[in-house]
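Student: Heads up: the protein sequence lines correspond to chains A and B, in order.
First residue of the first sequence? That's 1 in the working numbering, and the numbers climb one at a time after it.
First residue of the second sequence? That's 1 in the working numbering, and the numbers climb one at a time after it.
The set of hints was computed from the structure by calculation and includes no laboratory data.
Note that this is a predicted model, so its numbers are computed, not measured.
Wrong hints could be hidden among the right ones.
[Claimed, not checked] When the alpha-carbon atoms are kept at most 30 Å apart in a straight line, the in silico DSS-like pairs for lysine-lysine are as follows: (1) B:175 / A:17; (2) A:2 / A:127; (3) A:22 / B:90; (4) B:3 / B:90; (5) A:2 / B:90.
[What the hints assert, rightly or not] Partial list, computed: chain A residues near chain B (C-beta under 8 Å): (6) 105; (7) 130; (8) 179; (9) 199; (10) 206.
Think of the CB as a built atom: it goes at the ideal place given N, C-alpha and C, for glycine as much as any other residue.
2 protein chains.
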Amino acid sequence: MKKGLLVVVSGFAGTGKGTLMKRLLSDYDDYALSVSMTTRAPRPGEENGREYFFVTKEQFEEKIRQNGLIEYACYVDNYYGTPKDYVEQKRAEGKDVLLEIEIQGAMKVREQFEDAILIFVMPPSAKVLRERLIGRGTETPEVVEKRMRRAAEEACGIEDYDYIAVNDDLDVCVKELHETIQAAHHRPISNSEFITQVRNDLKEMAKGE
Amino acid sequence: MKKGLLVVVSGFAGTGKGTLMKRLLSDYDDYALSVSMTTRAPRPGEENGREYFFVTKEQFEEKIRQNGLIEYACYVDNYYGTPKDYVEQKRAEGKDVLLEIEIQGAMKVREQFEDAILIFVMPPSAKVLRERLIGRGTETPEVVEKRMRRAAEEACGIEDYDYIAVNDDLDVCVKELHETIQAAHHRPISNSEFITQVRNDLKEMAKGE
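Turn these sequences into a full structure, and let the hints guide you.
Tutor: What follows is the structure in structure tokens.
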């Protein structure tokens, strides 16, 4: 069985990353979602191992010491991180593991997993992004403004990603995203065993003849 | 209209590169074939601008001086090369231009076109490659042996390509090849104008608010 890829998904708030990932999970059998670990308390309805792995501060810091996290950060006095063993287990099962993180985290993943693929989700235009943020109706004008400023900052890192996904029509974007991820399976780096095998056999046969 | 990509296709003799490219051209509207320029005489049935652009030695050398060739080489006293203007014209028409060349030529293309995508066609195994070469029935054992040795040499360069295409089942390979090439349209490098536009608009809006 082919080993799954690690797929990092980033993008501005309001571009529909979460919906896209849910659709990949429901439309295709190829994917698994990375489950983060956190020290914050579970909210009503949240289940350990589904939304998050809920652990104590001591357990989290032990995990850091063991180098067991792909990346982690601290927000509002709580740790959040990506456990390496869960991701590796799903990849060994042949699943492409979706990991939604911000640019800094994405760059840390790139350093550790040179075969990871990094995708940045974009709106069709800045105007559409603002309309979507306003249209949510849940954000104050101040929050919309803050998110637009944050997007302007994040936009500087797009060239460090392998691919962009433009979320204009959701169905089209899901399909393109899927095809883009599957294409990444054809990179030499994701086929090094196969290439080495063919190369060695060719050398062996060329010698023998 | 989106600008087409330059798609370099290399691979061992006997892996079906030619058939794959013919199928891409007939199955999809996205592609055009790069037409080479040569100083060798046309053979019966060959048409200028279809199989090759047939030119004199003087015309070819003038083209070299004008830096009008993406790459060129000399075999058995004749020049063969890839005219830049033809490729650029097809790309401007929105076509992904297929260019079948060897590793050395592919690396020259990479130097000049950083947004080109390089694909290496592989057999499912070394054994299958030998069987296919023998099965052609047109090659002497010496030629088969020579091709196998050449394949063993060429196999050292596979990691310099962006993607591999394993030609086991032809239909599957054509489809994967198409999806892989289309995925390459989603790289940041093939969308720099769009990214710059969104980035500038975001900055403008963030300032304005």
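Student: Are the Cα atoms of residue 2 (chain A) and residue 90 (chain B) separated by 30 Å or less?
Tutor: violated (37 Å)
Student: Does the nearest C-beta of chain B fall within a distance shorter than 8 Å of the C-beta of residue 179 (chain A)?
Tutor: holds (5 Å)
Student: Interface hint check: residue 105 (chain A), Cβ to nearest Cβ on chain B, cutoff 8 Å. Holds or violated?
Tutor: violated (19 Å)
Student: For a C-alpha distance cap of 30 Å, please report whether residue 3 (chain B) and residue 90 (chain B) respect it.
Tutor: Cα-Cα ~9 Å, so holds.
Student: Quickly compare the C-alpha distance for residue 22 (chain A) and residue 90 (chain B) to 30 Å and report which way the hint goes.
Tutor: violated (39 Å)
Student: With a cut-off of 8 Å on the beta carbons, see whether residue 130 (chain A) makes it to chain B.
Tutor: Residue 130 (chain A) check passes; min Cβ-Cβ to chain B is 6 Å, inside 8 Å.
Student: Taking the least C-beta to C-beta distance, is residue 206 (chain A) closer than 8 Å to chain B?
Tutor: holds (4 Å)
Student: Mind checking the alpha carbons of residue 2 (chain A) and residue 127 (chain A) for me, to see if they're no more than 30 Å apart?
Tutor: violated (41 Å)
Student: Given the proposed pairing of residue 175 (chain B) with residue 17 (chain A), does the C-alpha separation stay at or below 30 Å?
Tutor: holds (27 Å)
Student: Does residue 199 (chain A) pass the interface check with chain B, least Cβ-Cβ distance below 8 Å?
Tutor: holds (4 Å)
Going through the hint list in order, the structure does not satisfy hints 2, 3, 5, 6.
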